[in-house]
Amino acid sequence: MSDGDGAWVSLFSGGKDSSWALYRALERGLPVERLVTVHPEGDSYMYHVPATELAALAAESLGIELVDVEPDAFGADGGVDSSARGDDELEPLEAALEELGRELDGGLAGVTAGAVESEYQTSRIRGMCDRLGCDLYAPLWQQEPRELADAMLEAGFEITIIQVAAHGLDESWLGRTLDREAIADLEALHEEYGVHILGEGGEFETFVVDGPHMARRIALEYETEWDGMRGHVRITDAHLE
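19 is the number of the first residue of the sequence shown in my numbering; add one for each residue after it.
Errors might be hidden in some of the hints.
Quick list of simulated restraints, FRET-style, between CB atoms [said to hold, decoys possible]:
#, residue 1, residue 2, range
1, 151, 183, 34 to 44 Å
2, 113, 47, 25 to 35 Å
3, 193, 123, 39 to 49 Å
4, 246, 151, 44 to 54 Å
No lab work stands behind these hints, which were simulated from the structure alone. Values in this document were obtained by computation on a predicted structure and should not be read as measured data. The beta-carbon is built from N, C-alpha and C at its ideal position, and this holds for glycine as well.
Full structure from sequences and hints, please.
Next comes the structure, spelled out in structure tokens:
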């Protein structure tokens, strides 16, 4: 990977994985000048869906300009297979990155991404970067999940669970902080139900409310919505402390 001329762009949802990729990029001195948040409508194969609107607050705390990509509904045709749908979802992102490449001084040097284990996701992002002629920085890719979780906590990330959808994850997990006790509980649930401790199978989604790279913590007020099998937090207020 080159650390040369041009600006970097971070694919950013506000969740732990994209936030960690951004943090690691900043640590190594990559000039990240934009965050790009994709706002899909409905479920998505490629992107972190819940609470992406909170990314604007995170961007303000980070002091990095945010670019929103709000395409039309993705893959509305239920007959479209997941492979074609994933490619369709990349199109508006790729177009936005092409435009940024023309705007940024020195062009687009690279893109950060928070992919951990999804070959589906990573291969498409890598292909996109190849077409754009830029580098891909994916520091979580194929890392050991427990080591990643420990590294995030040791760095000072404060991570809130905002959605759950897996056996063993009940309503008490909504709004819970992903701390060492929660990680230990997730390891037990992994043994019992196969729950991935980083939620890679969609078992849970997160939002980072504070970290060493953020100037101000994000305070959340919310209500929980639970249907007996899965649930999410409905944010009623969010602000920078």
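Subject >> Violating hint indices (sorted, rising) >> reply: Going through the list in order, the structure violates no hint and respects every one.
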